[in-house]
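Visitor: Sequence:
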Amino acid sequence: MSEETTETALAGYRPKHFEWQVRDRVGHITLNRPERKNPLTFDSYAELRDLFRELVHAGDVRAIVISGAGGNFCSGGDVHEIIGPLTRMDMNGLLAFTRLTGDLVRAMRACPQPIVAAVDGVCAGAGAILALASDFRIATANARTAFLFTRVGLAGCDMGACTLLPRVVGQGRAAELLYTGRVLKAEEGERWGFYNSLVEPALLLQHAHQLAAGLASGPTFAHSMTKAMLHQEWNMSIDEALEAEAQAQAICMQTQDFKRAFEAFAAKKTPVFEGN
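Numbering (our numbering) for the sequence shown: 1 to 276.
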């Protein structure tokens, strides 16, 4: 975490449009409109964006899990609360909205904490992008992921899909999903590398929390550097990337966690990382 992080940046935080709790230094975001399969609204887009921006300053939150209530992850933008109003907006209003949705992805990628998406059931449209913008994706066999944009007459290039998805599953497979809008089933998604692993539905949140808690107990400054480099090096040549990683690793070698790891190894003990 950066030197600007604090232990109380999100103390007392109570969002209006999703659930939030912190356990074992892991922040849990739960999209909680199960009767509609947890769709997003204008307000929830903005509130999620603002939370991820604020996480830059939250030293007491070291990893994130995002999930949906009621056996589904997220069905995308709410048809009645978003799609309908969009058909009546002028270009300025439409561009403000599409920039808002992109800002959410930008905030997810910029926050230093690794994000684990726990995906069950429907994971569609903007919901698929939330999973895609996360650092890890754990799913159940019931997960059904679809980038639905072309099925409502829009381009597949929504919320960064055309840059994020090819890097996860490859250009040809991304093209297939983005052109057709077809459902990517869980087993296929794991085989393609979209999902890191599949677990039983009853164990989904447990596995997601365990992964996130393990990351939270690790060298969190170094994790934030890994996340930053994974993101920044997309636009670098190999020579630029090698120099950037040399500088990043040299910075990490100045941390107390690096010294703690060496001292623990020398003493044949397990290191206890503190994120500094």
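Watch out, some of these pointers could steer you wrong.
[Said to hold, decoys possible] Pair by pair, the computed Cβ-Cβ distance ranges are:
(1) N32 / A264: 34 to 42 Å
(2) E263 / E240: 28 to 36 Å
(3) K268 / T98: 32 to 40 Å
(4) M253 / E35: 45 to 53 Å
(5) L230 / L203: 42 to 50 Å
(6) G153 / F262: 53 to 61 Å
(7) M253 / R36: 34 to 42 Å
(8) E81 / L203: 30 to 38 Å
Source of the hints: derived by calculation from the structure; they are not laboratory data.
Since we're looking at a predicted model, the values are computed, not measured.
From the three backbone atoms N, C-alpha and C, an ideal C-beta is built for every residue, glycine too.
Visitor: Are the hints correct? Go through all of them and say.
Guide: A quick look at each hint next to the structure:
1. N32 / A264: 34 to 42 Å: The hinted range 34 to 42 Å holds for N32 and A264, with Cβ atoms some 41 Å apart.
2. E263 / E240: 28 to 36 Å: Hint holds: Cβ distance 34 Å, inside 28 to 36 Å.
3. K268 / T98: 32 to 40 Å: violated (55 Å)
4. M253 / E35: 45 to 53 Å: holds (51 Å)
5. L230 / L203: 42 to 50 Å: violated (27 Å)
6. G153 / F262: 53 to 61 Å: Given about 58 Å between the Cβ atoms, the range holds.
7. M253 / R36: 34 to 42 Å: violated (49 Å)
8. E81 / L203: 30 to 38 Å: holds (33 Å)
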